[in-house]
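Asker: Spelled out, the chains give:
2 protein chains.
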Amino acid sequence: MRRKRGNLFVISAPSGAGKTTLCQKLKEIVPDVKFSVSYTTRKPRAGEIDGIHYTFVDEDEFRAMIADGEFVEWAQVHGNFYGTSKRRIENTISEGFDILLDIDVQGARQIREHFSDSILIFILPPSMDELKKRLAGRMSDSPEVIARRLKNAIDEIREYKNYDYVIINDVFDDALEEMVAIIIAERVRTSKIEEAWIKENFIKEE
Amino acid sequence: MRRKRGNLFVISAPSGAGKTTLCQKLKEIVPDVKFSVSYTTRKPRAGEIDGIHYTFVDEDEFRAMIADGEFVEWAQVHGNFYGTSKRRIENTISEGFDILLDIDVQGARQIREHFSDSILIFILPPSMDELKKRLAGRMSDSPEVIARRLKNAIDEIREYKNYDYVIINDVFDDALEEMVAIIIAERVRTSKIEEAWIKENFIKEE
Chain A
1 MRRKRGNLFV
11 ISAPSGAGKT
21 TLCQKLKEIV
31 PDVKFSVSYT
41 TRKPRAGEID
51 GIHYTFVDED
61 EFRAMIADGE
71 FVEWAQVHGN
81 FYGTSKRRIE
91 NTISEGFDIL
101 LDIDVQGARQ
111 IREHFSDSIL
121 IFILPPSMDE
131 LKKRLAGRMS
141 DSPEVIARRL
151 KNAIDEIREY
161 KNYDYVIIND
171 VFDDALEEMV
181 AIIIAERVRT
191 SKIEEAWIKE
201 NFIKEE
Chain B
1 MRRKRGNLFV
11 ISAPSGAGKT
21 TLCQKLKEIV
31 PDVKFSVSYT
41 TRKPRAGEID
51 GIHYTFVDED
61 EFRAMIADGE
71 FVEWAQVHGN
81 FYGTSKRRIE
91 NTISEGFDIL
101 LDIDVQGARQ
111 IREHFSDSIL
121 IFILPPSMDE
131 LKKRLAGRMS
141 DSPEVIARRL
151 KNAIDEIREY
161 KNYDYVIIND
171 VFDDALEEMV
181 AIIIAERVRT
191 SKIEEAWIKE
201 NFIKEE
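In order, the protein sequences belong to chains A and B. If you're matching positions, the first sequence starts at 1 in the UniProt record's numbering and goes up one per residue. If you're matching positions, the second sequence starts at 1 in the UniProt record's numbering and goes up one per residue.
Derived from the structure by calculation, the hints contain no laboratory data. Treat the hints with care, as some may be off.
Because identical chains share one entry, a pair is satisfied inside a single copy or across any pair of copies.
Below are the PhoX-like pairs computed for lysine-lysine, each with C-alpha atoms no more than 20 angstroms apart in a straight line [said to hold, decoys possible]:
(1) Lys133 - Lys161
(2) Lys34 - Lys199
(3) Lys27 - Lys43
(4) Lys132 - Lys199
(5) Lys161 - Lys151
(6) Lys161 - Lys4
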């Protein structure tokens, strides 16, 4: 085998940067990338499938997993728990598959602490005006909710330097091309090539 | 401007790995990448254009340029001099353009010493057997020439760890896609984004 292990990609973005649509398209274009499935204590919504969108567990199970150190990161949001399993990531990578994790800046930091060779991608909207427009476009949200989201967005953008790549989602197709390019390029990094394969195929000749 | 500077890509490969064809196709696909033009004291061959294939100078001019420290690397091959101008690379990069340099492993090492943020790409044939086949395919070469080239190829392959990326040129279209992906991905590295642009566009808001 030429490749040692798969890559762990972590994607973060402020709300309104277009991350969800980008990730969905990416799934179609690079189907051999796995998407990480989180554990949650939240009840499934209509159309959500256990093991696809989330792995649904009850609070006792979740707390037991915390106690066993099974999560590389977990958080409580609006009373529900969400967590990422270390073992799931490790298994996917060691099988040689890339895995993609969609997570906020705090979660990304925890992932990087545990998986030091993870590759962090940050997605930015083209401008603050455009971000405001995109956030305001959701009619269901109150001005207070929009203002809080904007404040959060700025706080998250401050963290961009912790990321390896920054994609500006101005023209969608360009942003998508950049995301695909990162995944393909990271596969041919020298550190991903099995030294044994090189020796076996070339250097033993002499 | 979002991008600070262009990138310097350095491409090396043992003879027979298919580097020349890859670079030619790359020129068509990513036309905004500039290709470095070397200085040489060799006489132009039929069809070679001054300033396009090489910049042709006489030996006195070349030696004066060496004395002035104008070359980031230079070498003498079969009695002719070849050299890469520091200033040309620096000018291209500072204008925001990527530049690509096709050079052997020794030259690549010198480039990296001077341009520490250069990005080094090594191209491998799929296997030693395939390399032998490709080298033997040139009817004009004697067995001794082929044997020496093979020996050189192995010596060059030993150096692959000094490179950032290793592309295995098995399926040509895949190798080309990987090369294009590296160029696109390296453009969105966090270090290439102007911090001032981020501050101006987002963080000042608060």
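Asker: If the cutoff is 20 angstroms on CA atoms, where do lysine 132 and lysine 199 land: within, between, both or neither? Let me know, please.
Answerer: between (55 angstroms within a copy, 16 angstroms between copies)
Asker: As a check of your reading, is lysine 27 near lysine 43 (CA-CA no more than 20 angstroms) within one copy, between copies, both or neither?
Answerer: neither (25 angstroms within a copy, 53 angstroms between copies)
Asker: Checking lysine 161 and lysine 4: alpha-carbon separation at most 20 angstroms within a copy, between copies, both or neither?
Answerer: between (28 angstroms within a copy, 15 angstroms between copies)
Asker: Which holds for lysine 161 with lysine 151 at a C-alpha limit of 20 angstroms: within a copy, between copies, both or neither?
Answerer: For lysine 161 and lysine 151, only the intra-copy Cα distance (18 angstroms) is at most 20 angstroms; the inter-copy one is 45 angstroms.
Asker: Within, between, both or neither: how does the pair lysine 133, lysine 161 come out at a Cα-Cα threshold of 20 angstroms?
Answerer: Answer is neither: 25 angstroms inside a copy and 48 angstroms across each miss the 20 angstroms cutoff.
Asker: Is it within, between, both or neither when you check lysine 34 against lysine 199 at 20 angstroms Cα-Cα?
Answerer: Intra 30 angstroms, inter 34 angstroms, cutoff 20 angstroms: neither.
When held up to the earlier numbered hints, the structure conflicts with 1, 2 and 3 and fits the remainder.
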